[in-house]
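Colleague: Please construct the entire structure, taking both the sequences and the accompanying hints into account.
In the UniProt record's numbering, the protein residues as written are 1 to 818.
It should be emphasised that the hints constitute simulated quantities derived from the structure, not laboratory data.
One should not assume that every hint holds.
[To be verified] In silico DSS-like pairs for lysine-lysine, Cα to Cα no more than 27 Å straight-line:
1) Lys220 x Lys197
2) Lys64 x Lys605
3) Lys332 x Lys188
4) Lys578 x Lys500
5) Lys275 x Lys88
6) Lys363 x Lys64
7) Lys715 x Lys793
8) Lys64 x Lys93
9) Lys789 x Lys737
10) Lys683 x Lys633
11) Lys220 x Lys22
[Claimed, not checked] For each label pair, taking beta carbons as the anchor points, the in silico distance ranges come out as:
12) Gln137 x Gln305: 46 to 56 Å
13) Asp647 x Arg753: 27 to 37 Å
14) Glu625 x Asp32: 15 to 25 Å
15) Ser396 x Glu292: 48 to 58 Å
16) Asp32 x Asn463: 43 to 53 Å
17) Glu625 x Pro785: 46 to 56 Å
18) Ser396 x Ala592: 33 to 43 Å
19) Asp647 x Gly604: 49 to 59 Å
Backbone N, C-alpha and C fix where the C-beta goes; we use that ideal spot for every residue, glycine too.
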Amino acid sequence: MAAMSVIGIDFGNESCYVAVAKAGGIETITNDYSLRGTPSCVAFSPKNRILGVAAKNQMVTNMKNTVFGFKRLLGRKFSDPHVQKELKHFPFKVEQRPDGGIGIRVNYLGEDNVFSPEQITAMLFTKLKDCATTALQTQINDCVISVPSYFTNAERSALLDAAAIAGLNVLRLMNETTATALAYGIYKQDLPAPEDKPRNVVFVDFGHSALQVAACAFNKGKLRVLATSSDPNCGGRDIDMALAEYFCQDFVSRLKLDARKNQRAFLRLLQEVEKLKKQMSANSTRLPLNIECFMEERDVSGDMQRQQMEQICADTFNRVERTLRGILHNAKLRPEDIHSVEIVGGSTRIPAVKALIEQVFGKQGSTTLNQDEAVSRGCALQCAMLSPAVRVREFSVADAQPYGVRLAWDAARGEDGDMEVFPAFHAAPFSKMLTFYRREPFSVSAYYSDQVPYPDTLIGQWNIKDVQPTAEGESQKVKLKVRVNIHGIITVASASLLEKKQDSAQNENVEMENANENVQGQEAPMETNGQEQNGLDNQEVREGGGEGEQHKQTWTQRVGQWFSGDKSKDKAKKVLVKTIELPIESRTHGFAQHELNTYMEQEGKMQAQDRQEKERADARNALEEYVYELRGKLSEGEVLHDFVAEDQRNKLVNTLDALEQWLYDEGEDQNRQVYSDKLSELKTEGEPIKQRRLEFELRPGAMDDFALAIQLTNKAIDLYRSGDAKYCHLSEADIQKVCEACGNAFQWLEAARGALAHAPRHVQPPHTTQQIRQERQNFESIVNPILNKPKPKEKTPPPANPTGDGQPENNQEQMDVE
1 MAAMSVIGID FGNESCYVAV AKAGGIETIT NDYSLRGTPS CVAFSPKNRI
51 LGVAAKNQMV TNMKNTVFGF KRLLGRKFSD PHVQKELKHF PFKVEQRPDG
101 GIGIRVNYLG EDNVFSPEQI TAMLFTKLKD CATTALQTQI NDCVISVPSY
151 FTNAERSALL DAAAIAGLNV LRLMNETTAT ALAYGIYKQD LPAPEDKPRN
201 VVFVDFGHSA LQVAACAFNK GKLRVLATSS DPNCGGRDID MALAEYFCQD
251 FVSRLKLDAR KNQRAFLRLL QEVEKLKKQM SANSTRLPLN IECFMEERDV
301 SGDMQRQQME QICADTFNRV ERTLRGILHN AKLRPEDIHS VEIVGGSTRI
351 PAVKALIEQV FGKQGSTTLN QDEAVSRGCA LQCAMLSPAV RVREFSVADA
401 QPYGVRLAWD AARGEDGDME VFPAFHAAPF SKMLTFYRRE PFSVSAYYSD
451 QVPYPDTLIG QWNIKDVQPT AEGESQKVKL KVRVNIHGII TVASASLLEK
501 KQDSAQNENV EMENANENVQ GQEAPMETNG QEQNGLDNQE VREGGGEGEQ
551 HKQTWTQRVG QWFSGDKSKD KAKKVLVKTI ELPIESRTHG FAQHELNTYM
601 EQEGKMQAQD RQEKERADAR NALEEYVYEL RGKLSEGEVL HDFVAEDQRN
651 KLVNTLDALE QWLYDEGEDQ NRQVYSDKLS ELKTEGEPIK QRRLEFELRP
701 GAMDDFALAI QLTNKAIDLY RSGDAKYCHL SEADIQKVCE ACGNAFQWLE
751 AARGALAHAP RHVQPPHTTQ QIRQERQNFE SIVNPILNKP KPKEKTPPPA
801 NPTGDGQPEN NQEQMDVE
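Modeller: Following this line, the structure appears as structure tokens:
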């Protein structure tokens with residue numbers, strides 16, 4: 001069962017997909033509506049939360065309490081220009097929290113509540129987790145979640161926080177284009193051998209809110225991301241907005257109706273133009289748009305042709321072309337170097353986008369992959385590879401860090417105090433070792449050196465503590481491991497002090513550097529700066545795909561050889577080096593642990609409330625269903641009408657009418673126990689009636705079975721009387737016993753028939769089906785052992801008696817004894 005819990009989640013701006021790795025391959029999980037896609041919607045009501053499909057279905061009627069588009073708010077501040085631009089699309093209330101973060105204000109359980117985008121995301125993850133648990137019939141913990149390749153540290157940390165609140169253990173945050181590339185490459189049998197020139201494939205993912213392009217190099221069993229190119233503000237929704245804006249102006253000029261002043265009307269218009277956009281992808285003729293009772297109780301209509309749509313959305317298509325050309329520049333590829341262009345994402349279905357792909361790359365977009373499910377399938381594959389519970393074909397994935405990263409520190413002894421640690425599109429995950437010479441605590445800061453889709457380029461600050469000078473007052477050697485981890489998050493993973501102690505037997509202080517700081521890879525010099533001059537040397541470590549390990553050493557003896565000018569080897573020098581892990585105080589993005597704990601507790605309470613409300617609603621529905629069903633069957637001509645006395649029936653119908661009235665009046669909002677008690681009370685009257693009717697239906701069959709058993713027994717008696725060989729071995733006493741049992745049974749059955757024929761249907765019958773079946777069993781237990789008695793074995797013919805000595809023949813008894 002452990003293998004079943006390996007899932008991949010494609011967390012999209014509009015909808016989510018969940019895939020699972022099974023023995024037979026990858027399968028997409030359907031939700032409680034039997035749909036493969038679950039809308040990224042969370043709604044709130046006075047009684048519970050509404051998640052996924054149900055939330056989207058009531059969006060128009062519960063607009064102010066239905067939250068969507070929250071993926072684009074993760075890890076951001078309210079004052080962020082990007083957030084301010086997004087707020088224009090939201091009908092729900094968004095406000096600034098005291099810490100500058102984003103608060104989404106909704107009415108939940110009859111009170112105003114403010115939730116962070118991370119909490120809302122966690123609620124959606126809870127739903128996806130429940131769907132997977134139900135489908136797989138096992139607990140879900142480990143998962144891989146997709147992220148846009150352009151997400152920065154802040155957004156990635158926020159997504160990890162959301163998963164933690166939902167109780168998910170994220171083995172990896174995987175870039176969406178990388179997940180797509182893995183789903184493509186792992187099943188390809190014709191990839192070039194590892195030593196051959198790789199196959200370059202471009203992946204274009206044009207979704208609801210963003211465009212991402214990645215160039216990947218494939219060899220057998222290996223995938224390497226060369227570069228990425230993205231536009232976080234160019235997606236299918238931009239086309240929807242442009243079309244909605246066009247129709248708004250059209251309705252104002254023709255009908256004097258301005259949908260922009262009515263949020264509900266504008267939301268309905270957006271839903272309709274999205275349908276129109278999809279129709280235009282398949283049809284180039286003029287297509288109609290009709291919305292009934294749009295505004296002020298008036299209907300509206302319009303029409304559009306594909307060519308007209310392409311003119312209206314020209315700016316969006318220009319941005320698409322820029323991003324497509326950007327990948328050729330970033331990956332340093334020419335169109336002829338590219339083997340194929342794979343397209344995924346709903347918006348790649350638009351003919352204008354397909355035409356642009358062909359124009360830029362000189363080849364048609366290929367649809368080898370499932371356009372909606374490729375990302376979730378890639379994530380499920382990655383999760384299976386990272387989980388020890390599942391065996392998957394070996395396939396290495398080397399991702400790329402999309403932005404350049406610089407490190408800054410307190411300059412000392414002529415250092416620059418600033419250097420680029422990871423250039424753009426550097427391999428990831430990856431670690432680099434930096435060596436500092438310090439005599440006191442110091443701090444380092446990381447920031448993005450490129451332009452990023454985030455207002456603040458600062459990644460974080462790390463204070464390295466407990467650094468002290470040597471006994472002689474000199475600087476100590478401090479090693480920092482700077483890492484892009486498996487989630488694509490930049491962090492200072494560890495800091496260690498290398499304290500040298502000279503062996504008492506030696507005079508010289510000579511140290512040989514350990515050549516392998518990380519067992520997963522080898523170091524290589526990153527820069528050739530002289531250590532003593534700049535106080536800093538740098539080494540890099542390629543990570544094998546995991547977080548890497550904390551490198552800890554106890555007292556280790558390192559032996560170095562010092563060679564004199566005449567190359568003699570007679571003076572071996574020993575230096576003892578102690579590695580001491582230093583505490584690091586970090587200030588980065590994401591919630592503090594105590595905040596996470598509070599949010600997890602809050603999520604747990606909301607889940608309990610949802611369960612309680614579901615149980616309450618189920619109990620109410622069960623009572624309501626029973627009332628309607630019982631009343632319907634008691635009507636004239638219906639199945640239960642004759643099985644209850646008239647006065648009792650009238651009284652029961654009145655009770656049912658009163659209960660129905662109560663359900664829609666003061667019984668509308670009672671707790672579960674009230675409904676359960678009323679249902680139990682009602683069943684004490686209703687179930688005996690149903691039981692009498694069931695008895696009435698089953699009794700004839702039971703009596704017929706009993707009669708048939710008697711008939712077959714009588715036939716066996718007749719066969720015996722006629723000398724049939726089948727029964728000739730039975731004794732007369734046996735047959736007499738069978739005849740007697742037959743007579744008694746027939747007599748009982750006829751008496752029972754007579755009693756039942758005269759008994760009214762609305763009273764308890766004198767004989768139940770169970771009694772009739774029991775009588776038949778009693779009868780068969782007497783006659784069957786006799787009639788099925790096996791024949792005795794035939795006597796063996798006696799052997800010839802050659803001596804003629806008059807010895808008796810072997811009779812049956814003697815043979816048995818022998």
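Colleague: Decide, hint by hint, whether the structure agrees.
Modeller: Cross-check of the supplied hints:
1. Lys220 x Lys197: holds, 11 Å
2. Lys64 x Lys605: holds, 23 Å
3. Lys332 x Lys188: Holds, at roughly 25 Å.
4. Lys578 x Lys500: Holds, at roughly 6 Å.
5. Lys275 x Lys88: holds, 22 Å
6. Lys363 x Lys64: Judged against 27 Å, a Cα distance of about 46 Å means the pair is violated.
7. Lys715 x Lys793: Cα-Cα ~25 Å, so holds.
8. Lys64 x Lys93: holds, 7 Å
9. Lys789 x Lys737: The given pair, whose Cα atoms are some 14 Å apart, holds under the 27 Å limit.
10. Lys683 x Lys633: Distance of about 14 Å is within 27 Å: holds.
11. Lys220 x Lys22: holds, 23 Å
12. Gln137 x Gln305: 46 to 56 Å: This hint holds: roughly 50 Å between Cβ atoms.
13. Asp647 x Arg753: 27 to 37 Å: holds, 29 Å
14. Glu625 x Asp32: 15 to 25 Å: holds, 19 Å
15. Ser396 x Glu292: 48 to 58 Å: holds, 56 Å
16. Asp32 x Asn463: 43 to 53 Å: At roughly 48 Å between Cβ atoms, Asn463 and Asp32 fall inside 43 to 53 Å, so the hint holds.
17. Glu625 x Pro785: 46 to 56 Å: holds, 49 Å
18. Ser396 x Ala592: 33 to 43 Å: Taking Cβ atoms as reference, Ser396 and Ala592 lie about 36 Å apart, which means the hint holds.
19. Asp647 x Gly604: 49 to 59 Å: Holds - the Cβ-Cβ distance for Asp647 and Gly604, about 53 Å, lies within 49 to 59 Å.
Violated hints amount to a single one, hint 6; each of the other numbered hints is respected by the structure.
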